[in-house]
Amino acid sequence: MANPLKVYVVEDDNMQGEMVKDHLTSKGYSVKLFSTGESFLSALESDKPEILVLDYNLNAVNKSAMEGIEILKRVKDRAADIEVIMYSGQDSIEVAVDTMRYGAFDYVVKGAAAFTRLEFIIGKIQKLWLSQENESKYRKLNNWLIALIAGMFGAIIVGVITGKIDLTK
Amino acid sequence: MSLIDLDFLKNFTKGDTGKMKKYIGMFLDIAPKSIADMERMYTEKSFDDLKVVAHSLKPQVSYMGIKSLETTIKEIELLAGSKTNVDSLPEKIAFFKTECTKACTELAEAVAKL
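Quick note, the sequences are listed as chains A and B, same order. Counting with the numbering used here, you get residues 1 to 169 for the letters of the first sequence. Counting with the numbering used here, you get residues 1 to 114 for the letters of the second sequence.
Since the hints were derived computationally from the structure, they do not count as laboratory data. Among the hints, erroneous ones may be present.
Said to hold, decoys possible - Part of the chain A face toward chain B, derived, beta carbon under 7 Å: (1) 14; (2) 15; (3) 38; (4) 60; (5) 113; (6) 117; (7) 123; (8) 151.
Stated by the list, open to error - With a straight-line cut-off of 25 Å between C-alpha atoms, the simulated PhoX-like cross-links for lysine-lysine are: (9) A:27 / B:22; (10) A:27 / A:124; (11) B:19 / A:27; (12) A:63 / B:33; (13) A:32 / B:22; (14) A:48 / A:32; (15) A:21 / B:33; (16) B:19 / A:63.
For clarity, every value in this text was computed on a predicted model and none was experimentally measured. From the three backbone atoms N, C-alpha and C, an ideal C-beta is built for every residue, glycine too.
Sequences are here, hints too, so could you generate the full structure?
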């Protein structure tokens, strides 16, 4: 069986964090919870997730903690291939657009519907990866076929020039 | 009439009483502290901090099914954030405190029955 997808969560609110962690774990993902962005960035050196669920307001508990948007910028600088889903209590289109401008894949507003929405977006990311993988395989196959046909034509031309193939017969 | 509705938590945990107890326990722990913080922050006129506390409480109130407080906590967050009509905040915080305290008693009773 393939290793479960690593989905890490950065959330300073214990209850929110536990709920997201429990929900995603129950869906088969390998989940780790970090209470600060700084602790996630330290762990990133040796343990990189495929997807990160990142709280937007990360200084509710610790005022000196780095905000979610700052963590997003640093994650994208260090590991651009990690897909980041921003998670916030702010139902604001401006905040959502701002986070996507810095590379977030999507934005989820906290609340009862947030858990299934997170699950849906993670599924969407996986489908996108699969379609990119299929497209890459298709391109490789296409290139291989073109090379094969070109090779055959080349061989025929060489055959004709050297007299080994006589097309008039 | 009951102030709480545990349908969301029951669905979310698929009836896992251990998880329900865990989440309710976390709320019972954090709610009184958050209310005390909001009262203090209003006295100190720290409206930005008050907004952050209300903001954190908002989804938690919803998970515990305390529907009567969903609007109040949103109003507290908005008023503190915009720093407008702040004179109405003490009344709203007091209402939140009274109702949330009753809801917490109900939640504690619900946990005991799980």
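Comparing the hints with the structure gives:
{"no.": "1", "hint": "14", "in the structure": "holds (6 Å)"}
{"no.": "2", "hint": "15", "in the structure": "holds (4 Å)"}
{"no.": "3", "hint": "38", "in the structure": "violated (18 Å)"}
{"no.": "4", "hint": "60", "in the structure": "holds (5 Å)"}
{"no.": "5", "hint": "113", "in the structure": "violated (10 Å)"}
{"no.": "6", "hint": "117", "in the structure": "violated (13 Å)"}
{"no.": "7", "hint": "123", "in the structure": "violated (18 Å)"}
{"no.": "8", "hint": "151", "in the structure": "violated (59 Å)"}
{"no.": "9", "hint": "A:27 / B:22", "in the structure": "holds (19 Å)"}
{"no.": "10", "hint": "A:27 / A:124", "in the structure": "holds (15 Å)"}
{"no.": "11", "hint": "B:19 / A:27", "in the structure": "holds (16 Å)"}
{"no.": "12", "hint": "A:63 / B:33", "in the structure": "holds (17 Å)"}
{"no.": "13", "hint": "A:32 / B:22", "in the structure": "holds (18 Å)"}
{"no.": "14", "hint": "A:48 / A:32", "in the structure": "holds (11 Å)"}
{"no.": "15", "hint": "A:21 / B:33", "in the structure": "holds (24 Å)"}
{"no.": "16", "hint": "B:19 / A:63", "in the structure": "violated (29 Å)"}
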